[in-house]
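So the mapping is simple: our numbering equals the position in the sequence shown, first residue as 1, plus 116.
By construction, these hints were calculated from the structure, which means they are not laboratory data. Please note: incorrect hints may appear among the correct ones.
[Claimed, not checked] Restraint-style ranges between C-beta atoms, simulated for each label pair:
1) N217 x S326: 49 to 59 Å
2) D201 x Y285: 42 to 52 Å
3) V144 x H193: 38 to 48 Å
4) S326 x K288: 14 to 24 Å
5) R244 x N217: 40 to 50 Å
6) S172 x Q322: 30 to 40 Å
7) G299 x D201: 38 to 48 Å
8) N318 x P168: 46 to 56 Å
9) D235 x S213: 46 to 56 Å
10) Q154 x A349: 44 to 54 Å
The C-beta atom is built at its ideal place from N, Cα and C for all residues, glycine as well.
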Amino acid sequence: MIILAPLHGFTDFIFRNVYSRHYEGIDVAVSPFISLTQCEKINPRKAKDVLPANNSSMPVIPQILGKEPELFIQMAHFLQDLGYDELNWNLGCPVKSIANNKRGSGMLPHPELLRSILDKIIPAIGSRLSVKIRLGYYSTDEIHQLIPVFNDYPLQNICIHPRIGIQMYEGKIQHEILQAIIGDFKHEIIYNGDINTLDDFNNIRQRYPSIKKWMIGRGVFYNPLLPQQLKEARVEINVRDSERFSLFINDLIHELRLYKSEAQTVNKMKDLWSLFSYGFDERLSVINQIIHVDNLPDMIKTINTIIETEKRLLAK
117 MIILAPLHGF TDFIFRNVYS RHYEGIDVAV SPFISLTQCE KINPRKAKDV
167 LPANNSSMPV IPQILGKEPE LFIQMAHFLQ DLGYDELNWN LGCPVKSIAN
217 NKRGSGMLPH PELLRSILDK IIPAIGSRLS VKIRLGYYST DEIHQLIPVF
267 NDYPLQNICI HPRIGIQMYE GKIQHEILQA IIGDFKHEII YNGDINTLDD
317 FNNIRQRYPS IKKWMIGRGV FYNPLLPQQL KEARVEINVR DSERFSLFIN
367 DLIHELRLYK SEAQTVNKMK DLWSLFSYGF DERLSVINQI IHVDNLPDMI
417 KTINTIIETE KRLLAK
């Protein structure tokens, strides 16, 4: 099973829907997190990304970020009323402004706080709960205190990114640590982290023969064909892939304009191309061309020129 990772600001319902029209291989997506906030009644706009009307093309599991049990339960019931019977709790986000408030991976050094929250939410939410974690925030030593906590609760699964929070997305993946502890968990483990090519996947899969579900994020932007390649265990690179990518990008721009202003669409494309650019041989040139565009017609023209140039290179 291939799961689309929750990349905040990138894998929203607009991206997911357009992606599904042009590519295949993703079985389910975990939504970018919904942050808990104090309110008497949840405004549906806060959950716009997971509203059923916006998610007809790809199954989605809503993800929640927060530490307040009462607000968690309130959000869980709201999402259950929308038809969701599984939720994911974000215990892995490494962003400092989040972690410093004991949210995301900032919760990991506090196993007893984690236990107290689970004690309250598990009996009350009425939904299956999975968690997304790292090996710790400050140190991999933290995972040894977390395993007994997780094992005491009927979690659906545990998705693990084998870095610690302070590493952010850089530095060495700590495979040796995860390999040593994976058998100590009572729950199904999902792997997440640095699966950007078929070779990456094959090498990582050899390390974890018991894992059957894989979460990928940035690799989908580096190569939108990646999920299908992982499923079929083969790589296809030809001119038609560039043509499909061109159709995908232009469809994405069209869809963005249904929800955003022209200026917002231009800025969104700049954000998206910070990741798409990794799939091009001349990445720095691609980035330089994209960031200097200030209107939508020029953005469309620039993107089509970039893709056409890459297509000619692939055809040589």
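Tested hints:
1. Checking the proposed 49 to 59 Å range against N217 and S326 shows it is violated: the Cβ atoms sit about 34 Å from each other.
2. Checked against the given bound of 42 to 52 Å, the beta carbons of D201 and Y285, roughly 31 Å apart, lie outside it.
3. The supplied range of 38 to 48 Å is broken by V144 and H193, whose beta-carbon atoms lie about 22 Å from each other.
4. Look at S326 against K288: about 22 Å separates their beta carbons, and that is inside 14 to 24 Å.
5. With their beta carbons about 26 Å apart, R244 and N217 fall outside the hinted range of 40 to 50 Å.
6. Evaluation of the 30 to 40 Å hint for S172 and Q322 yields a pass: the beta carbon distance comes to about 37 Å.
7. Distance hint for G299 and D201: a CB-CB separation of about 29 Å, inconsistent with the stated range 38 to 48 Å.
8. At roughly 36 Å, the beta-carbon separation of N318 and P168 lies outside the given 46 to 56 Å, and the hint is violated.
9. Between D235 and S213 the Cβ separation comes to about 27 Å, which falls outside the hinted range of 46 to 56 Å.
10. Remark: the range hint 44 to 54 Å for Q154 to A349 is upheld by a beta-carbon distance near 48 Å.
In this structure, the earlier hints numbered 1, 2, 3, 5, 7, 8 and 9 are contradicted, and the remaining ones agree with it.
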